[in-house]
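Trainee: Based on the provided sequences and hints, a complete structural model is requested.
The listed protein sequences correspond, in order, to chains A and B. At position 143 of the first sequence (counting the first as 1) the number is 143 in the numbering used here, and the numbers step up by one without a gap. At position 568 of the second sequence (counting the first as 1) the number is 924 in the numbering used here, and the numbers step up by one without a gap.
Calculated directly from the structure, the hints in this document are not laboratory data. Among the hints, a few may not be true.
To be verified - Sample of chain A residues facing chain B (criterion: CB under 10 Å; computed from the structure):
| # | residue |
| --- | --- |
| 1 | S86 |
| 2 | F95 |
| 3 | D166 |
Said to hold, decoys possible - Chain A is nowhere near these chain B residues, computed Cβ spacing over 10 Å in every case:
| # | residue |
| --- | --- |
| 4 | K851 |
| 5 | G870 |
| 6 | L983 |
Remember, predicted model here, so these are calculated numbers, not experimental data. Using N, Cα and C, we set each Cβ at its ideal position, and we do this for glycine too.
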Amino acid sequence: MSSDLGGQAATVRFENVTKAFGEVVAVDGVSFEIEAGNLVTLLGPSGCGKTTTLRMIAGLEMVTGGRILIGGRDVTLLPATDRDVSMVFQSYALFPHMTVIENVSYGFVVSGMRKEEARTRARQGLELVRLVGYDDRLPSELSGGQQQRVAVARALVLEPEVLLFDEPLSNLDAKLRRRVREEIREIQQALNLTTVYVTHDQEEALAVSDKIIVMRNAAIAQEGAPRDLYERPSNVFVADFIGDANLVDAEVRRVAGETATVSIGTVEIELPARGIAPGPVKVAIRPESVRLSDPGDGLAGQILKAAYLGDHLEYTVDTPVGELFVIDNSVGAPRPVGSSVSVAFGTRVALVPSDD
Amino acid sequence: MTRRPLLLWQLIGLFGLVVLPWYAIEDGFWNFEWLFDGYPFDSDYAPLLFLFLEGEAPWLWPTAAFLAASTYALGRDKIDPAYATTLLLAGGGGFAYVMLQGFTIGIDGWEYQVLNDLFGPRERQYGMGYGALLIMGGLFFLFTQGLAARGAVNGDVFVVGSISLIVAVVAIFIFFPVFHILISAIQDNDRVYSLTAFTGKMFSAKIWGLHCLTSTRGCGVAWNSFVLAVAVGVGSTLLGLAFALIATRTGFRYKRGLRVLTVLPIITPPFVIGLALILLLGQSGVITGFLEWAFGIHPTRWIYGFPGVWLAQMLAFTPIAFLVLIGVVQGVSPSMEEAAQTLRANAWTTFTTVSLPLMRPGLANAFLLGFIESMADFGNPMVLGGNFDVLSTEIFFAIVGAQNDQGRAAVLALVLLGFTLAAFWLQRVWLGRKSYVTVTGKGDAGVHVALPRRLNWLVFGAALPWAAMTMVIYAMIMFGGFVKIWGRDHSLTLKHYIDAFGVSVGDHGLVWFGGAWNSFWTTITIAAVSAPLTAGLGLLAAYLLVRQRFTGKHVFEFGTMLSFAIPGTVIGVSYVLAFNVPPFELTGTGAILVISFIFRNMPVGVRAGMASMSQLDPALDEASLTLGANSWKTVQRVIMPLLRPAILAAMVYSFVRAMTAVSAVIFLVSAEYDMATSYILGRVENNDYGISIAYSSVLILVMLVAVGLFQLIIGERRIGRRTRDSEPAPTAILGA
Ligand SMILES: Nc1ncnc2c1ncn2[C@@H]1O[C@H](COP(=O)(O)OP(=O)(O)OP(=O)(O)O)[C@@H](O)[C@H]1O
Ligand SMILES: [Mg+2]
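Mentor: Have a look at this one:
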């Protein structure tokens, strides 16, 4: 992937930013920092303020309080036109009356560049998203995936300081979604673009991000690298939201240095302590970390439901600590509903600090 | 680049200052003889700069100082507080100063006695002209740039400028004239404020009298208007409902023909119906003649008065009710009716308990529209009223007739305005958001339940004769122009067309000797000039309303839609009262006609624009903004091309309305700028029915061609395979 396009990647910094729409507070005192050249995902349930945060970076919404800095410059009062930020919209927002090449060169044309040069640079962008030879088509004459790529090309040819995506894949089918997100990631890394990416699909977030910011009720629930969030969720909400997790009551028996001994029902395991004192606690147990075996010395359980999903089996198991959702890869030896099992836990179990 | 609008408006102001005459040119806006008649030194034609150099009109000089002061902002950064402050003070101050001097120094010197005593007598001055216009425009937009720099609406120069522009023009051309009515109403004939004069006029028996209940004398005009409007509202709603039911709930074979009904009201000057009625039912009308011949019924003048006006208005406004109701009737989801039927309701019960209640908002809407239209109608009462006086005609005679009583005209206008505003207000309060009922995109499969048989008969029984009558009327209009003297000599002739539109080849090329050419071309020109302006202003307002967030938006919307509720007659009177004297001396010009059309028809542009703009994904604008285009470029490159159908619709609509309008026009025409409708009305008053009807049919044809061309252009527009163009027809906007 060779191209003259290169990022002039900039950092993005939110300082205690608040946005209210009348009574509704959509974003409430949010602070974070995005490093230059990173891809950061805003992840969270519907209505938590992701889009609003993104639009404030773009300058499409003006903050109610706080400051926004891009590349160290305070842009809080600058409108979208004057910020060096491009955005790929969920609906793509391709101009329906312009051809592909006109769409992609739009940014250059309105800033007064000569038409031939604008077209040359637009073609580079289209090459980058592998859409050569479609110049004179109208957006309505492209497939959904192609439209999406035009939208990406249109945003990145301007070599913005920050590139924004608002749920760019939600209009694509599942297969295409995976391919396109890989392409986006590839281009982002190749051009070293600072990118902010909104999604509510946690798998998508885990797959592409350098860092994930999980939002909840207009505030940040946790931020960190994908692995951090998955393995060390700092609250029940995050544990539940990122990946599937069985949230189970447990008790910390004792803490020795960095290691805590935790009893889950009749089973005791050792986990990283994360500064938690002895006493009742919640643990997040990933479904693939629950081991089933024939009845023995683990936690006694009984299969309630079983489903065959081709490459793995999913069980619901009744145990003294509650029902557990289990993913089992031993497809060859299915366990019938009603049979008794012994339950043990692998390593992907995390102590979760309580929410308050 | 951000500097450009600043310099631009300063240069425009400078141009007005140095090059163009400050005062209005007596001979009209488009007359350029002054260029060779003493310009630039003759003080009638001198630009402000020359007035200054010659030491004349010293009270105007500060204007230039304000303009000069604004240059202090040049070369300063937008974020610099001095930038905003300079523009606010220089622009706002200058604009306010020009207004102030305009209103204090008028045609007789000082406008207020106090000032006369204080400063001594003062020379008079005339209305403002091009120079003043440009300077004021410059100052105004410098002011709005100051506002933008202060951070109004995210500091968007274009948006702030547009909002302010619309606020200013609506204030000057709607609120100011209406305010003038109020003022005139409380002044006596010597322009002295007098409450007794007001109450005397306001509560006179001529307006509110109820003699008709007890004696043979007529009732007050307010009651006449009110009763007529209620009768027309009820009648047209019921008939409209009948047509709407036929179009949607029966197997009637000529449904498409009914659609034609929807186009008729916009292409027909309202009084033309009245005219045709005279030809049918007047003393020498066809039907009257037939009745006398067959049954020996003696011809009477029964058509002149309430029955005739009612009939004519019913014919004219039923299509509007139909238009409103067909949407509503279609909007009643078939699944509701099907649900009722599965619950064992029979067809009649279903209709009365489900369908009809669901249509109630639409019925109310149609009634109120009929009510307002009837109140505002001027042409039909004029043609057919006889001794049955209504408010709109009374206003006209108060100001034009021998009485020339402006105060009385103002009072009558107030009463009329009160009625229509109250109706408008009731409609809003009562119906709120319910006015649009639509079938949702999904899950509404199913067919409408057929009408119960009883109702079926009723509906056809009412509608078909009416449809037949409408057809006869239009046939009459088309045919009537070819008859020598109606009622007496029915031999065919082209005489009327030749009288109106004759052209011959003379020594110096074509000679347009027909009597109608002057008003015809004036009408076409004025309509063609006002159409794009109306559409532009309306769509700009729509853009602001749909796409921008700013405080006071509701008031803004109210202001732009207000003229919808102001009858043309009231606009006409108010313009006469407000723009007869400096600083805005506009009566007798073509400009005042154009302006009245712009503001009469703007609500339609706003509606059309809002409807189509809310179908455009806002992300398109936002995409354009994030790609570095400012909002003006976004409007230019993204919104306007995508709104082309709406723009065209608004243009055609305002063009056609400008050609058919009567009520406001009748006050504003002059010998030089006569309009087709007022010309025709004049001929009707002289009983020149032949030429009137000939002219009317030509007008209708011209408008049919305009509408047809429009359909053709729109029909061909496509953006790609996925867009459906289902733009609302211009008429659809009329409803609701
Ligand atoms: N223009 C607006 N006016 C009023 N409220 C708004 C506006 N935009 C957003 N909100 C509110 O702000 C909150 C956050 O909205 P936002 O669009 O940021 O959510 P989101 O996280 O993007 O959700 P989703 O995943 O559904 O897109 C919501 O409660 C929403 O109703
Ligand atoms: Mg969102």
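Trainee: All hints are to be evaluated individually against the structure, with a verdict given for each.
Mentor: So, going through the hints one by one against the coordinates:
Checking S86(A) against chain B: minimum C-beta separation of about 6 Å stays under 10 Å; hint holds. Proximity of F95(A) to chain B holds as hinted, the smallest CB-CB distance being about 6 Å (cut-off 10 Å). About 9 Å separates the beta-carbon of D166(A) from the nearest beta-carbon of chain B, less than 10 Å, and the hint is met. The beta carbon of K851(B) is kept farther than 10 Å from every beta carbon of chain A, the shortest such distance being approximately 52 Å.
Every CB of chain A is more than 10 Å from the CB of G870(B) (nearest about 44 Å), matching its label as outside the interface. Against chain A, the non-interface label of L983(B) is violated: not every CB pair exceeds 10 Å, the least being about 4 Å.
Figure legend: structure checked against the earlier numbered hints; the only hint not met is number 6.
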